[in-house]
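Enquirer: Which chain is which? The protein sequence lines are A and B, in order. Residue numbers for the first sequence follow the working numbering, so the first one is 1112 and each next one is one higher. Residue numbers for the second sequence follow the working numbering, so the first one is 1112 and each next one is one higher.
Keep in mind that the hints were calculated from the coordinates and are not lab data. Quick caveat, the model's predicted, so the values are computed rather than measured. It cannot be assumed that every hint is accurate.
[Said to hold, decoys possible] In silico EDC-like links for lysine to aspartate or glutamate, alpha-carbon gap of 20 angstroms or less:
#1 A:K1203 x B:E1214
#2 A:K1369 x B:E1394
#3 B:K1143 x A:D1157
#4 A:K1369 x B:E1214
#5 B:K1248 x A:D1157
There are 2 protein chains.
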Amino acid sequence: MNNHKNPTIYDVAKRSGVSISTISRVLNSPDKVNAETRNKVLDAIDSLGFIPKAEARARALRQTGRIGVITPFFTAPSFVQRLRGIAAALAKENFELVIYTVETAAHLENYFASIPLTGNLDGLIVMSLPISDANVKRLNIPTVLIEYPNETLSCVEIDDVAGGRIAADYLIKKGHRRIAFLGDTDLPEYAIHPVGQRLSGFRQALAEAGIELPESFVRLAPYTQAQTRQVAAELLNLPQPPTAIFAATDFQALGVLKAARQLNIRVPEQLAVVGFDDLDMAEYADLTTIRQHLDESGRLAVEILLGRIADPSRPVQHIHLPLTLVERETA
Amino acid sequence: MNNHKNPTIYDVAKRSGVSISTISRVLNSPDKVNAETRNKVLDAIDSLGFIPKAEARARALRQTGRIGVITPFFTAPSFVQRLRGIAAALAKENFELVIYTVETAAHLENYFASIPLTGNLDGLIVMSLPISDANVKRLNIPTVLIEYPNETLSCVEIDDVAGGRIAADYLIKKGHRRIAFLGDTDLPEYAIHPVGQRLSGFRQALAEAGIELPESFVRLAPYTQAQTRQVAAELLNLPQPPTAIFAATDFQALGVLKAARQLNIRVPEQLAVVGFDDLDMAEYADLTTIRQHLDESGRLAVEILLGRIADPSRPVQHIHLPLTLVERETA
DNA sequence: AAGAAACATGAAAGCACTTTCAGTTTAACA
DNA sequence: TGTTAAACTGAAAGTGCTTTCATGTTTCTT
């Protein structure tokens, strides 16, 4: 009857003509069962391909650890690259990787409500997402935050403000005076907004150097190639166009490069472009950019987390990953 | 009494003065419970430190709400894009995504040995990895293969041979006669080799059109930008260089474009380039390519898998995703 | 104000096993 | 042959949770 389903110990019992108790005994204390009966049962188990589930589960939950990652749904390449660092570090340690992608604020709230209770995890990494103090309090497992600071939790932070400064300083040093900013507007309410920070560092550095940043030079575009190109083109078609553009994201920097190419503007001679992230793509495009060590940030988060799991008494760590300028051909 | 033990929902029920059904409800469908009652229950849960036992839940539910994906370690962007499709589809259905990354053959074998026993998954997706008949037999949960055919398991297949033909036919139609192929050599023993198939389709189509494919026009390079560029440059520096190159992968197509740019070879006027995959990057680079609907393949695999989980009597499905040529600016 | 519809809750029946307890065999021994 | 201890085995009572069904309560119609 129950032919190709998942067999239970009832099926085995029927098949071997004994009661379920005996099956259970064969499994758990074989010596208490008559050898003949035992063999009959074992045969039945084999022929049915029976796998005792509870036991398997128990073993699963004990032997291999599970760590969860809550991440914005990975459209942006930078998330993926961080995730890659996490996966790499985890694979080495024989931990399972459970991924929770969030697409709405409710989604996120939901995860925070249920994961600590029911997630069955040994540790949690929250990637590029904000977490309220209330939710922090609810967390009953070791947790590491990436790209979001918190007093009581370990974090791997990126100093986006400093990143903005680095970009500005570099462009200023190169002699540029008309420098524009291009960021993204995709700011779903549940996400964090590093772009704003990058802009603010950028602003500060320009101000300190006594360089004006007209509002027409600060542009935001949705996070798509087409729209970024469009906005970049507007910038470049200004009567007094910028001689340099700092894009808050490599992905958008690529859009700028593309727009420049279409307008026959030579890079870096007529237009310097600096990105942010140092995605894999940046190397392909020879993009000068601010590297934030995406892979590394993931790896580091895992390291801290596993340390904490192994020894919960370890102190909370707040790590600031250094940003570095990668000088390539676009600026 | 049961003071510092592991509290159960019975304890919570007693503490909050409601029945266990209500506890279960606030855990699983909070909106079905009066807010006041819910808060009482939540308080009790908090103060008891109650954590529902996953095993009991899984037993009652007869499913775990977790589906696993075995994937090659995601260096190649195409894996990630497929994964994205999977994650998107799964999140909608409220399933957890557990990722197992494979880096060695032993690793893979290991997963196949342990996952059926211990994985405690409702279903499994095996992405771009081969699976032996012996391992197929061991699998005791619904499984869908991506990019690898199997008689007894559902699969989402890519017709790489046809893809190679499409590329060749297109370039031939465009008038090219000296057409080269650039594939990758990173063929770890555990992985599948779609590039070989693409080459073979490409070869066939050329042969049928009576066009010669000299061995010097078939080049393989490791899957890195630098080495791809190098090999592409060699191809382009041949005394009789090709007028078109079919790269087995978008990632490598980008390398070719880059090499051409460095050699001041105009694309598509002097050199046509066709890629394969249609990665996000392809759009940025305006690359003409063979689209294999990566996201879609992931989504589809999930759909089939969940269908099978819901109703195991559904027949095995073998889906061939259509390949389409996306004509952009490089050929 | 009566009846309908919508809500909120609890009782109880699973789910797939484990374990205790008591009954039945069997084998050994006088 | 009759006892008896040892060895087996099954019935049944858990285990912690979900879910259906039924019963009470509200709230809404008209």
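Enquirer: Determine which of the earlier numbered hints do not hold for this structure and return their numbers in increasing order.
Expert: 3, 4
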